Each structure stands twice: as C-alpha cells, then as structure tokens.
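Novice: The residues making up each chain are set out below.
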Amino acid sequence: MKTARYLIVLLLEVVMISSCTGFLNIIPEDKIEAEKLFSQPEGYWYALNGVYYKMIQEELYRPVSNSLTAHTLENLIETWSPSKLSVQGKLSKHTYKTSDVDALLGKYFLSYYNLICNLNRILDYIEAKDVLKGNEKNLIKGETLGLRCFLQFDLIRIFGPIPTKIEGGKKYLPYPIKATDKPHLYLGFEEYMNALARDLDEAIFLTQNSDPITKYSLEQLNQPGSIDEIKEIEYYNRNCKLNHYALIALRARVALWKGDRENARKFAMKLIPLQGDAIECIKPEWKLGTTQSLGNVNNTERNNNTLKEEILFGLDLPLFNYENHWESELEGRIFMNKEKVDALYPNKEDKDFRKLLFSSIGNTIYASSNKFWNNQNLQVPLIRLAELYLIMAETSSIREANIYYKAFCESRSKAYQKLTEENRVDILLQEYRKEFIGEGQTFFANKRCGITRPYDCKETYGIAQYVLPIPTRENNI
Amino acid sequence: MVVLLAVILPGLFPMATVDAQTPEKPQLFVTGKVSDSNHKPLVGVRVMIRGEKKGTITNNSGMYKLLIPGKRKEYIVEFKSIGMRSLTRTITGPTTLNVTMIDEVYESEEVIVTGVFNKPKESFTGAAVKISKEQLEKSSNRNILQAISNVDPSFVIVPSNDYGSNPNRLPEIRIRGFSAIPSTDDIDDLKGGQRANLVTPLFILDGFEISLQQMMDLNKDEVESITILKDASSTAMYGSRGANGIVVITSKKPQKGKLKFNYSLNVNPEIPDLSSYHLLNAAEKLELEKAVGLYEKRGDLKEDLILKQIYREKKERVLAGVNTDWLSIPVQVGLGSSHYLGVNGGDEKFRYSLGASYNAIEGAMKGAKRHTLNLNLRLLYITEKFSFNNSVSLSQTESSDGNYGAFSEYAKMNPYYEPYDKNGSIVKYFETVNNHSFAKVQNPLYRTSIGNFNTQKVDNIINNLSVTYKPTSFLNAVANFSFGKVFEKSDFFLSPKDFEYDNTSNILEKGLRDYTGREGINWSFSGTVNYYKNWGKHTVTAGVNYSLYSSTHNLWGISVKGFTGESRNSIYNGHSYKDERPRGSHSKSNTIGVAGSINYVYDNRVFFDGSYRTDGSSSFGKDSRWAPFWSVGFGWNVSNEPFMKHIRKYVPYLRFRYSYGSSGSKNFSPWESVGTYSIETGRLYTGNIVSYMTALENPNLKWQTTFQHNGGLEISLFDGWVSISANAYHKLTKDAITDTSLRLSSGWEHYKGNYGDILNQGYDIDCSVFLYQNREKDASFNLRLGTSHNKNKMVKLSQYMKDRMAQRMASDFERYNLRYVYEEGHSVDAIFAVRTYGIDPSTGKVIYRYKDDSQSFLYDINQRVPIGDRLPKIDMRISTSFNYKRLSGYAGFSLKLGGYTNNDTYKTKVENAILTENVDHRILEHRWRKPGDETIFYGLHEVNNFITDRYIQQENSLVCHNISISYDCTHKWIKKIGLEGLYLNGSIGNVFYISTIKQERGLSYPYAIEPSFGLSCTF
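Sequences listed follow chains A and B, in order. Counting in my numbering, the first sequence runs without a single skipped number right up to 477 at its last residue. Counting in my numbering, the second sequence runs without a single skipped number right up to 1019 at its last residue.
Hints listed in this document are in silico derivations from the structure and should not be mistaken for laboratory results. Quick caveat: nothing in here was measured; it's all calculated off a predicted structure. From the three backbone atoms N, C-alpha and C, an ideal C-beta is built for every residue, glycine too. Check each hint, because a few of them may be wrong.
[To be verified] If you want the footprint, here are the derived chain B segments under chain A, 3+ residues with CB under 8 Å:
{"hint": "1", "segment": "715-729"}
{"hint": "2", "segment": "743-757"}
[To be verified] Computed list of lysine-lysine pairs in DSS-like fashion (alpha-carbon distance at most 30 Å, straight line):
{"hint": "3", "chain 1": "B", "residue 1": "LYS802", "chain 2": "B", "residue 2": "LYS873"}
{"hint": "4", "chain 1": "B", "residue 1": "LYS802", "chain 2": "A", "residue 2": "LYS178"}
{"hint": "5", "chain 1": "B", "residue 1": "LYS297", "chain 2": "A", "residue 2": "LYS107"}
{"hint": "6", "chain 1": "B", "residue 1": "LYS802", "chain 2": "A", "residue 2": "LYS171"}
{"hint": "7", "chain 1": "B", "residue 1": "LYS349", "chain 2": "B", "residue 2": "LYS385"}
{"hint": "8", "chain 1": "B", "residue 1": "LYS796", "chain 2": "A", "residue 2": "LYS182"}
{"hint": "9", "chain 1": "A", "residue 1": "LYS182", "chain 2": "B", "residue 2": "LYS256"}
{"hint": "10", "chain 1": "B", "residue 1": "LYS121", "chain 2": "B", "residue 2": "LYS645"}
{"hint": "11", "chain 1": "A", "residue 1": "LYS107", "chain 2": "B", "residue 2": "LYS802"}
{"hint": "12", "chain 1": "B", "residue 1": "LYS777", "chain 2": "B", "residue 2": "LYS533"}
{"hint": "13", "chain 1": "A", "residue 1": "LYS182", "chain 2": "B", "residue 2": "LYS588"}
Produce the entire structure from the sequences given, and follow the hints as far as they go.
Specialist: Spelled out as structure tokens, the structure:
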C-alpha cells in the first residue's frame, strides 16, 4: 500500500518531466504564435493581408493629414498651403533639421521597415517550412517579395539620393532580407537598385503563371466566389493587391529611377503595347479614365474620383472619413490656396476634367482636392495606368511618345500639345503635377530628373531639398 | 534578526544543559524521564542505543532504564515515538538523561523555514527574520502586512499620502530596495503605473504562492509564524521568483488533545484623524476672497455692482451662522469587528482543526468597507513512516469604496456652502464667481443620492496536500500538491444622473455599468528529498527538490451605457456597449525548477551552505529557456570555539556569516520572447482576415538576475541580556528587463531586452535589550530597536529609456507634474526639481537657481537636479514590551529620517491655491503681499505650478504605530464556568504622527486612529 503511494508520486513526476517541452510552450489565447500561424497556408495569406491592412491603416498611404503620400510628399513639392509653423509648413520649406520633422520622418521610416519586417517574416517561413505548394507558393512568395520591393523602392526614393547625383562609395539605406533584431547592412545606390531589380524580376517570374489576374477578368475577380475553380477568397480582388501586372509597372518605375530608359520602356510597353497607331492595354478592362467615367464628382454615391478603371494597384479603404482631413482650412487639414489651382489651370475654358477634382472651401480663399471624397468603395491608387502613359511618352522615340501623349491628353479632355525632344520632360512634369495631386508621384518625378525649379514651385531644389535625412533615432541607440 | 535571536537563545541554553550532563558515578544503566513540551510524561517512547538491537520503552510515568553494552567511547541514545520528533543524544557512559520531545507537527525552533528546504538555524548563512504570532498580534491590530512592517523595518510599505487608511488599497511593498525598470508605458504614468508590482515580494503560504491580496486578507489567527527571506542564500532556491525577497507564512497545525473550542472577538473602530487639516472657516474664507478682488471688477460698473451684491448675500449667510464643516461630512467612526471560531482535536495519529473567521472592516470614510469570510479545514494523519496533511481553505472578500468619492472633494468645499437646501434635499450645484464670471461647483454629496456604486468581490479556494515519507531518521521525502483558484468580480455603476452626463443630451449615452471578471488558476507540485547525516564532528544536511508551477489568468469585462434611471441598473437595461465589444485578456505561464541544497557543519563551529537551482519557464526566450541560480555561504560560530571559553559568560553567543549568490525575477509578458501575431476581430482587408506581428521577439530574453552579497553577525552579550543581529548587503540587479532600443530599420523601435543594472546597498541592525528580567517573579521588560537603510542607484539604463526621459523633458506636462525620473547614477525614487533661491522681496517672484548656481526668473526644466529620495534614509522601529505575571503590554514606534516629500498642501492649498475652493490657513499669513515682504510664498495673484524644490521638503517623522495591553484572566473561577482560558486585550493603532512637515495627510482617503478591544476564550 505504502509502496503503491510512493510509486504514484514517482510516476507523476516522470510524466511531468517527460512533457516538459510542451509544458513550457505557452501562448496566450488572444495571440497566435508565428510558428503556429505559418503551419497552415491560410496563415501566409493572413500575414500578407496584414501588411496591406497596415499600409492603408497607418499614415503612409492613407490619405489623411500628416500622412506620407497625400500630405508630406505633396508639401515637399509645394502642392498644399500649410501654416508656416506646423511640421508640414517646415516640410514645404524643406527645413528638415527640426525635432518635429525628425520625429515625423522617423515615424514613416519605422512604418516602412516594420512592414518590410512583416514581409520578411513571411518569406523566412516560406523557406523554413514546407507548407505552401505549387501555384499558391509562387503567388504568395512572388507577391510578398514584390510588395517588399514596392516599399523598399519608396524608401530609396524618399531617403535615397537624386538618381543623377550619386556619391559612389556612400551607403544609403539598409535592404533587410530577414526579420531579425540584428542590424541590417547599409547598401550603396547601385547595390540597392540592383537588388531591387533582381528581387522584382523574381517576383514577376513567380507570379506570371500563378496570379489569377492573368487568366480571369477583373469583373470576375472582384466578385469573390464567382470563379468555379477558385473557392478561396484570398485569390480575389487582385487589383487591391500587388498583382503580376502591377509588378511589371513597378519594374518600369524602378528602371526609370535607375536611369535605364530602355528597360523602363520595355516593361511599360508590356502593359500598354502599341498596335499600329492604337494603344491597347494587355488587360482591356484597364483603360484611361475620361470625363464620363468620373461620374458625379460631388456625389458621394456616384463619384469615381480616383478613376478605378486606371488603378493597377490600389489599397482598399471601405470606410473613410474624408471630412476629418480635407475640406476645411483648419490647422492640420489638407488644403491649398485657390491661386494655386488657378495657376495650374489659368485658362477658364480649359476642359481638363482634373480641374473638377478641386473644390472651394466655403467662401474662403482656399480649395481642397476631392480626389479621396467619401466613396463607399474608395480605392487609394498606388500605381495607375496614367503613369505608364507618361513613362512611355518620356522613354519612347518622339513619334511613339506623341502617340501615347496624345491618347493621354484626349482622355483628360485637354488640348494636345506636340512633344519634342526639347520640351517633353518639361511638359510631362507638368502632367505629373496635374495628374498625381495627393498621390506623391510628382515629388518623385522631379527628384528623379533633378529639377532645380519644378513647375509651379517657388523654392530652388537641390540635394538639400530632395534628399530627406535619415531620422536620428535610426542611429541613436 | 533579533527576533530570531530572542527565540534562539532561551531555546538554546536549556538544551545545552542536557548535553552537558556529566557522569556522576559509574553505572551500568542510562536512566531518565521523557516528557512532552507541557512537561507531561510520555508513555511508550522507544529508547535504544544506536547500533544495538535491543531497546526499551518508557513506562506510565515516562521513565526508562536502558542497559549500556560493552565499552565504547561514546553512545548515541535514540528516542522515537509516533507523532513526535525523534531525538538523539550522545553520552559517554552511564548517566541520567531526561529529555523533552517535541510534537512532530510543530516547526522546530531551530529551523529556518524556507518553504523548500528547511535549514538548521545554527548553521544558516543567510539573512532571515522570523516573526512569531505573538509579535504579529502585538505590533498591529489590523492588517497583517502592517504588522510585519512594524516588526521589521526592512519590510517596507511605501507610504501613500493619497490613500491614507483605505482598507481596500493594496500597498506597495519592497524588501531591500527597488530592483526593476518599469515599462515604457509606466514611466510616463504620474503614479508610476505598474511599477509597484514589479518588486512585490513573493508570498508563500505553506509552500504555495499566494497573491498580495490573499496575503492581506489572511486571518492572523491562522498564522503560526512568518519568515522573511532576504539574501541570496535563502532566496536562491526560489530561482526566478526569488529576487524581490520572500515572505514565508506557516499556518497553524492541528494540535492533539480532546475537542477544544477557541473563540475570539475584536471590536475595531476606525476614527478619522483630521488633525492635519487647517482649513479656513466661512468668515475667513469670504474675507480672503474679497481681499484678492473676487468681488470687484474695475471699469465695468454694472458687473461690479452684481459682484458686490453676491458678496453681500454671502456675507449675510456667514453672519447668520453658516459655517459647514465639510470635512466631517464623508467620514464616520467605522465600527468594524472580527470573529474567530476554531475547533481543534485529535490524537497522535489523526487530528483535525476547523477555523471560521469573519472580519468586517468599516472604514473611516462612509461606505468604505472590506468584509472577509474565511473557512478552513485541516486534517492530519500520521503513521510510523508517513504523514498526510491536507488543508482546504475558502475565503470570500466583499469590498466597496462607498459612493462618497474622494475625500479631497470635500476638503475643497467652501465652508459658506450649505449641502442641503431648506427642504432638506441635497443641492446639486453651488454658484461661485471665478474670473469675474459665474461658475458652478459640484456638490460631492450629490453623488451619494443617485445610486452610484463600486463593489468588488473575491472568492478564493486553496487546497494544499502534503505527504511526508520518513523511512529512517536521516532521510525523508515530501510531496506537495497545491491548487488555488481565485475569482474576482468588480462591478461599477455610474448613474445617468451623475455630473459626468451634465453635458450629454442623448439619453442613450447616459449611465454606465461596468463589469469585470478575473479568474486565476494556479497549481503547483513539488517533491523534496532531504538527507541528514552526522558522524563525529561532521554534520551534513542535503536536499533535492523538483517543482512545477503553473498559473493561468483570464480576464473579461463589459461596459454598457444608456440607462434610463438609477434603479434600472441591471446590465441588460443598458442600451449598448460603451466600447465596440467586450474586452478581455488571457495569460498563462509555466515554470519547472530543479533545486539542490547542501549544508555542512564542522563541530558546530564552522559551516558551509550551498544551493543551486535551475528554472525553466515558458516566459523566456527559446534560446535561454533554462537559467541557473546559485548561492554559497560560510559561517563561523565563534562562541563555540575553545578560546571563547573564558569570556562565554559575557559573550555567550557570537556568530559571523557571509553569503553570495543569485536569484531572479521575471517581470514581462510570456509572449515577449516568442514571435507572435495578433488576430483581431473586425479587422479585414478586402474581406480577408489579417494578422501582423505584435512585437519583435527577443529569443535571448532571459530573467534578470540579482547578485547579492550579504554579511552578517549575531552577538549576544551579558548572559543574553543584550542581543544584536546585523546584516549588510550589496544587491546588484544585472540584465534588468527593460525596453531596449533597436535601429528603426529593424522595423521596431524597441523590444524587451536585458539591459539595465540597478544597485541596492544597505544594512539592517536589530538590537534587543532586556531592561529587567526576573524569572521567579515572572516579570520582564525589554526594548527592541530595529534600523534599516537602503540606497538605490540606477547604474545602467537603455538608450531607449533615456530618449523617453528626454522626450518627457520637452513636454509641458513635465514642468507641472512630479513624476518618477529614471536617470543613470540616481535613485529610482529620487525627486527631481529645479532649485530656487526663494522669493524676491521686491517683486514677489520666484528666483530659480540653475545648475551652475546662477540666478534667473525664468523656469527651465533642464536645470532640474535630484533633491532627495522619496524613501527615508533611516527607517527605525522602536518597541518596548513588558510582562508581569498575567499582564503584558507593548508600545511600538516608527522613526523615519531623511526622506523627501512633495508638500502638496503648500503647493495646492497655499501657494497655487485655487481661491474659489477652500484653502489652508497659512495663506493668510505667509504669502507675499507688498514689496519688502520676506516670505516663503509668492504673491496672491501669482500662479506658478512649476516643479521646484520649494515644495520638496525633508521629512522626519515619529509615528506611534501601536500600543497594546493584554491580560490573561484564567483564574479558577473561569474554569468553574466551563472555560479553559480567557484573555482580554485592548490596543490602539496609529496613535499619533509627528512630522517636521506640515501638510494634509490622507488626501483622497483620511488616515484613521485604530483602537481595538478584544477577548478570546478557549473551552
């Protein structure tokens, strides 16, 4: 009897010890261990969608005050009229050395690298675990890699050098390829851009057969469940994801930034090839928007101010409170002097529909862009077809360039002015200005060309203006 | 430590006399008597000589006679009996040997109870203090935590002027200083957030960890003794839980004997102590208001007339005798009481005890209460080799803060306000004039009439089972299984009529009912094998222990808004959730520990102590899941050395000891070392579930380790009339867990890392003197003096934390609010402020003193320096007790020297007084009024809330924490009426408080004087 009791106690101990490893692996209910998340295919989708979610929720691509693309990048090129003492005012004067600017830039910098870390964690697990198979693996891996390139490209465009003024030995930015707490290596411009191009090429290769966008129509893809072969909703809404074609467009952007006009043209051409004198998009549902497609600009039910038919890649933003960030001249809102609108469109007879995307703020001297006007299905554009037309117009022979530019002008209902070798960069940069209000691309286009006095700007631009400083918190640890 | 000595010394010497028996004349037998601790003869005790097969047993009168075989130099005589602790005695030849055997279930007085391995006190190298139940009872008539602190000054309860004598407040407790770095969320918090919890010591009740709250609600009648373990050699065996010090509580064990009842009753009134408040009366206040020009407006004749009219109306009321004593409105003499009924009985083999207690605390604030019901049942079954001990206890605590709100609300009220109108109903608002415009002042009493409530209820169940197996006298094995479950519920209702909703018109937004439930389940298993061996002059004690510990917490809560009336307050009467959805959290942590301990003694003169433990915890990083803790110690009983023989009369006891070792503490969430993702309901991207990283994990994250040197000595002088025990320590916490900066390009600003060192150095001295002692007359009078000192220093802080501090410096908030400052080289309790040169007599403005001693009228936060430490430099306990036959008395005092405090009364009621509220009387005399006035306070029209040293004062205080007297009425007539014993006692707690600082004490809850009257009887 006594021995039996003693044995029970002993047995209990043995059982406890043998299950030791399990005993020490504890995760709270409201969280999920990475190891567990990535043990099934859904987990990879959750994590990838998490990055898109954060991109649109946080202040990088969400069109809100103090956000990077809609507010800061536009102020860097003097689009809006911020109050002088605000952080945005300092940005528009290019005084970057103040603590509030440093803090804001630090926030962007951190957000970018946080998203990159999230993507790297997915990539780490794709390699470490053999959970994903075949096309699913190719698609997720390609898209994750591509999205990392998208973010890393924006980083070098913001914090990197003017592409025409590279300092040879200088290391500009880290290019993390692993989620880790160890410091990442800084790369020079050449190395960075080469790595970017290489990774992007791989992403394009991986998605060419695996992305459903290459097989199904956008209409089908925007109705989850409508395709018999594809049950999982993860494969739908491809234009809200960085799809195969968006990757090609991104590749064209990257090539152009490197000064590789040939490749920029090559990749853009893949999407909008020239058939004789007609331009046809590889995906016919994508076409340049017109006055008609705009819908009713001031009707929240029917407007299409972001021109959905042009969006190759845009972030889904179903619930957005436009009024809190635009539509008022209050401090912190995004608005501009009416004179600026008049300067862009001096001719009252100008039929250019982009003029309609401004609205006066009451009886004040201010106006605001209503591009992101409340819309139940707002999609914030990150890559639009219009940009590809402008790339073609910039990189093609002058004859072809005019074909693309003419088509572009027609779609915008504006008078077409023939491009020549001498004037085309100037004219195209004006187009960037008008076209990408609130999308941040104007700053990049001017920085890429190293323009000293960008169109409609008062300041003089150089390295000190175009190259944003690395936030102090990056090195102060 | 004196406590320990006080116990050890009398206990030691009677035994020594037994040992010192010398053979009178040659005999063939050893004879003697065996008795128990009550001097009653023990029957049937087996007596034998080690190595011999034959023995004998004691007869009916406890006598024995044993033949001594052969001729040896030494014989070891063994005494054994079921339920009694076995004894061995060494003799050299035939002699008379009388022994006293002690009941097995009682802890031996010679043992330090550590909760894992019990260590012989004689050869213990660490620093521990044992507090007996008598000492606990004397030193405080209320809370057990306060009682411990009143005995041992190194058990520090950090004072909080805000909470006063609030019975529901969990105090901040430290043993040997603060040794953690708060999280980033907490450093910005005005009150330090969770900071206090980081260093709360570990409470172990009969081998099982209990929470601070369970400790506070523990019934003192159930406690046998409390041991506080402080140094590495006593805490290393608790591994990753030990660094903050450990409080080991041993509960009473059932005693054998016939069925016995024990009943005690205490009446515990709480009398509010408002003596520190010196507010203006109605007439004074109104005159002050007039003097500062509240009732005039130059240049606007119309307004001026209205204001003057208001003044006249108020004046009339004051003249009519209106002078409301607002302070007396929310307070009461709380009439609390406690009852305890114990039933106990059984024989050598089977014993039981049942205890029931009910403790009703009624606070000095109306409605503040804490009612605790405790039930416990203990069963003990002993066989020759086994003993089974099971105890189950249930407790329920119901508490409420009442609905009177903060006491400070009442202190603010102008005495010319009348809380009730002519019809006797409560006025909701008073009208006042502020900056020449009208304003409304809320009547805090209104809140009591609208149905608000805030209650908490905690249910606890703990079961402890322990099985001891003792195959031989030198080996025993103990298995312990404990299970505890706690369910905590807090319930809160804010009436739709509350002030809060005055500006809310939407009925669906008014009213709030909030319900939070927390469930905690803990269990632990531990198995210990102890070995004891003695040969010649060598004694070895060794043990191994294996333990598992698991703790799970679930929390959930709902907040519902939209109530139509105070009576329809059930949660289902609400309209909608206040937030989007219910809230909740879950946490779980498991720990495995393997420990070993060895103790070697040579000839009772020198001894060595070593222990080792390795802990594995689910909270730690994958790459450092197991961590070792260890300790070594040496000691020297100088008084046992031959060369001390001649002076033994003067120095009967002298012992030196030293220990060094490590112990750990983990104060972070279990997931911070593992990569986790969050999945939150309602977050979707294009209809897809999203998930993202919650933090960057640190796979190398490990427990912070505290390395501690401890040197100590015990000395007893003049035949034991004076005994002193002293310890000095150097406690370095390395790899303190803190938010560590990362490069932004890693994607994360910070993560939890082991980066930070904190040093605590200090000493404690305990001295006990018998001023008078006469055993025959049964009279004694003694004095005890305990002193402790601790110095804290932040040695290393992460860059991230430094940046956070720098960010704070830039904020406006920092200039006006005194927050905890963390800076390398300074104490974590240092008060930082800008120094001043006082008030400029010509302008009445403050002159600031910059770091370089230059003068300026401009305040600059960057010029702030540490002024002093919040905690006293020297913390002393002075107590005296006497005993004369049946009467005994005690008086205990605390003397605190050299701590700094922010005199809130100066700041908010005198210098920056809001003149529309009631203020301190010093405002009338000490403020600057005209050029040439040399005052300590600036002009009446100035407002300057900056943090300067002007309000920071050094505080030296003397508190009389308890005076008690008790009388044993066990006369013959008592027995005639069927009682076995009757005891009466009376005491008074928080008798007085004398301080060098004049400030209001007990801001949101007043302090209380705590008398108590009790009687207890056994039958």
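Novice: Does the alpha-carbon distance linking B/LYS121 and B/LYS645 stay inside the 30 Å limit?
Specialist: Given pair B/LYS121, B/LYS645 holds - Cα atoms ~22 Å apart, limit 30 Å.
Novice: Between the segment 715-729 of chain B and chain A, are there enough contacts, at least three residues with CB-CB distance under 8 Å, for the coverage claim to hold?
Specialist: violated (count 0)
Novice: Would you mind confirming whether the straight-line C-alpha gap from B/LYS297 to A/LYS107 stays at or under 30 Å?
Specialist: Outside the cut-off at roughly 51 Å; violated.
Novice: Taking 30 Å as the top limit, are the C-alpha atoms of A/LYS182 and B/LYS256 close enough?
Specialist: Violated. A/LYS182 to B/LYS256 sits at ~65 Å, over the 30 Å cutoff.
Novice: If you draw a straight line from the CA of B/LYS349 to the CA of B/LYS385, is it 30 Å or shorter?
Specialist: Roughly 12 Å separates the two Cα atoms, so the pair holds.
Novice: Taking 8 Å as the Cβ threshold, is the statement that the segment 743-757 of chain B is covered by chain A upheld or broken by the three-residue rule?
Specialist: Coverage by chain A holds here, the residue count being 8 at a Cβ distance below 8 Å.
Novice: Are the Cα positions of B/LYS796 and A/LYS182 separated by 30 Å at most?
Specialist: Measuring from Cα to Cα gives roughly 22 Å; hence the hint holds.
Novice: Mind checking the alpha carbons of A/LYS107 and B/LYS802 for me, to see if they're no more than 30 Å apart?
Specialist: holds (19 Å)
Novice: Mind checking the alpha carbons of A/LYS182 and B/LYS588 for me, to see if they're no more than 30 Å apart?
Specialist: Given pair A/LYS182, B/LYS588 holds - Cα atoms ~29 Å apart, limit 30 Å.
Novice: If you draw a straight line from the CA of B/LYS802 to the CA of A/LYS171, is it 30 Å or shorter?
Specialist: holds (28 Å)
Novice: Given the hinted pair B/LYS802 and A/LYS178, is their alpha-carbon gap at most 30 Å?
Specialist: holds (28 Å)
Novice: Hey, B/LYS802 versus B/LYS873, does the alpha-carbon distance stay inside 30 Å?
Specialist: holds (27 Å)
In this structure, the earlier hints numbered 1, 5, 9 and 12 are contradicted, and the remaining ones agree with it.
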